[in-house]
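Spelled out from the first residue to the last, the chains are:
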Amino acid sequence: MKWRRFKRLWMRVRNKIAVITVVVFVLLLLPPKGHGQFGIDLAVIQTGLSVISNLLQSVVAKPLAAIQQIEQQAATFEQQVVWPISAINQAKATINQLQGVLVQTRQILQAPIASATLPTPKKLEQALLSANPGAISQVSANYTAVYGAVPAPTDAPQPVRDLMDMTDAEAQAAMKKAVELDALANVELQTAEQINQQLQGAAPGSAAILEAQTSAWVVRANAYTQSALAELMRVRSISLANQGAQLKFSANHTSNLRSTSGQVLQPAAR
Amino acid sequence: MLKKLKSSLGNGKRRLLVIVAFIALVPAAKAGIADILSIFQTINSTLRQAGGVLNTVQNLKLTVANLETRVIWPVSLINQARNFVAANEAQARSLLSGIQNLSVSSATLVNPSQLESIVRSAQASNVGQLQGAFTRVYSSVSSPTAAPPLERNMMDMDDAAAQGSLKTALASDQISLQMLNVATGLEQQTASAAPGSAPMLSTQARVAELENQAYLTRMLAAELRQEAVQLAHENALRKKSADSTRTLRMNLQQILAQPSGGAQ
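Which chain is which? The protein sequence lines are A and B, in order. Plus 88 on top of the position in the first sequence (first one is 1) and you've got the numbering used here. Plus 752 on top of the position in the second sequence (first one is 1) and you've got the numbering used here.
In isolation and in its complexed conformation, chain B is listed as follows:
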């Protein structure tokens, strides 16, 4: 019968029949609404979960914000710190300058007073005047006729070490003043700094500290030279004493040898 129908229907008719059958079958898809509802429920559930996560994120953000504004960087404490820095700087400045400006110069005579004023001038440009002032107080190295070469060398070396240290101290005083200015500048800037800009100032302070440490090392080097010269001086005197003893012994030997020769 199917064959009969197939043969009796043309191609166009067969296609038409297939379409009609498909349309007829579509109502069966009505059962998919349940699936759609299920999808909606899934979306609903997912959104609610996402909402829960968002709420957690919101709470976290709020907690972090509270931590930052109330614990780490509370504006009131930042302002309090700034005020403290400003007040402390103002208070310390007058106190420190009062102590710093106290005169410690104590020489009474003309030449020592001149030397002292140069030595305490805190002006490295005065280094050139130091040698003359030093010589006026401590005299120059004896002439070759007045002292043996060893003693003259020692005198010169002692003078050089002493003057070297005085010059280093002079330069060091000026450096100290400059460093105090750096400290004051940093402190004043700190009084208006923010927590974010303070590390930059802090780094600058560390750099200045490193430089200060380098100058301290230079000072210690000068001190070492001076102490070494002092030690060498004492030792040279010891050697000179040994040399004098040797000379005395030789002279005595010569003297003791002479009378016996004269008696003969």
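Bound conformation, chain A alone:
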């Protein structure tokens, strides 16, 4: 009876005992040291991390600190030597101050300079001082009203008429050019004022752009000055040519007079 009960009990627990035995056996096979989990050795990891930490300190952190120091010194140098805010503000203050002087300067040329007193010269002068390119078309008529037209072919020899026409043409061209130049000068002054206003709010970095723009305008202004000088040279050349022509006319007249006198005196000599 006892044996049977024991057998029945054994049948129930034998599988469990087998499983437990297997587990114990497996656990016995596990590594004796508990340093790692899942088979990873902590000491190795600690050593590796320690090496990495040392490396980070010596190879990375040190140069980075040096770079930071250099950057700091460079920033200080730039702030105190190259672009000190005080010097920039002083420059801005000077620019504001000079802007006032330049505005006053522009007003000086507003003083009226018209001086003609008679109606016809007044009209011509008005057109000449208008600084309005639209008034250029009035110059020729007003000029002729003051200085007269080229004489008729019956009233003067052709060479003299040519000379007069050329002289009138150059005088009128110079007057028209003067109107153009005044208008161009006004545009230049307006531009200078606009650039100056921009400059008042500019930074050292953007000032260079405005400087380049101003330089371009200066080049342009020089070109206009050059064209004005060319016109002045033409006026003087025509004046010189007139003097030369006058001498030539005189020489021709003298030659003609001598020839005519010779003809007049010849019959008397016979």
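Warning: the hint list may mix true and false statements.
Computed list of chain A residues with no C-beta within reach of chain B, every gap over 10 Å [stated by the list, open to error]:
id : residue
1  : Leu97
2  : Trp98
3  : Ile224
4  : Trp305
5  : Ser343
6  : Val352
7  : Gln354
Calculated cross-link-like contacts (lysine-lysine; reagent style DSSO-like; alpha-carbon spacing at most 27 Å) [as the list claims (entries may be wrong)]:
id : chain 1 : residue 1 : chain 2 : residue 2
8  : B       : Lys813    : A       : Lys150
9  : B       : Lys992    : A       : Lys336
10 : A       : Lys210    : B       : Lys992
11 : A       : Lys211    : B       : Lys992
Think of the hints as simulated: they come from the structure by calculation, not from any bench. Backbone N, C-alpha and C fix where the C-beta goes; we use that ideal spot for every residue, glycine too.
Following the hints, put chain B in place on chain A, whose structure we already have.
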């Protein structure tokens, strides 16, 4: 036999067996330490490479910093330039003002002296007085009874051009003085400028130069007007001469025609 075991084991037991088998197999992962060491070596190598790059960057930064502080913006040279500007400005100012203040007025009589003082006053506000002073020296345009219209117009136009140029020159002198003040102001500021603020002053100087150029253009326009009037005047005299010749010819023709008529 497996079937027998499978049937003899319950679900829970089977799971337990799987876990036990897994744990038993884990020691095989011990072989991964070599891999970890390899990873560490890779990290080590990468860090050393990064360190090399950082060293290069550091050297570059140092080189740039040296270039900036020793070659481009050396403080000693900046101060030297500032001192030069200040000294040059002080030296030139006395020299220039000495030359500038020399009087060139030369008239001796009352009326010319008055005109000359106005013309050389460098005050555009004196423009209004110029016409009177000019007329006192050069007289006004002849009356209609004293000269023909052409000559009167020419006289008036000559006077207008001359006075216009004198007035422009007067205004121009004042502008020149203002521009000299602008130049002095810029120069004084330059003496305490930094390399970074100098471009702003430089731009301001360029703007002033542009304005100066515009005034120069205005001066040339006035000069052109004057030269043109001079040329027109000479030409008008030529036309007048032609007109006089024509009148003379007509008069002579009339005179020559009259005696023959009288003889008849």
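Verification of the hints:
1. Leu97: About 16 Å separates Leu97(A) from the closest Cβ of chain B, which puts it past 10 Å; holds.
2. Trp98: Its Cβ never comes within 10 Å of chain B, the nearest being 14 Å, so this holds.
3. Ile224: Holds, since 13 Å exceeds 10 Å.
4. Trp305: About 5 Å separates Trp305(A) from the closest Cβ of chain B, which leaves it inside 10 Å; violated.
5. Ser343: Check passes; 19 Å lies beyond 10 Å.
6. Val352: Fine: 17 Å to the nearest Cβ keeps Val352(A) off the interface.
7. Gln354: holds, 23 Å
8. Lys813(B) to Lys150(A): It holds: about 14 Å lies between the C-alpha atoms, which stays within 27 Å.
9. Lys992(B) to Lys336(A): holds, 19 Å
10. Lys210(A) to Lys992(B): holds, 21 Å
11. Lys211(A) to Lys992(B): Within the cut-off at roughly 22 Å; holds.
Hint 4 from the list above is the single one not met by this structure.
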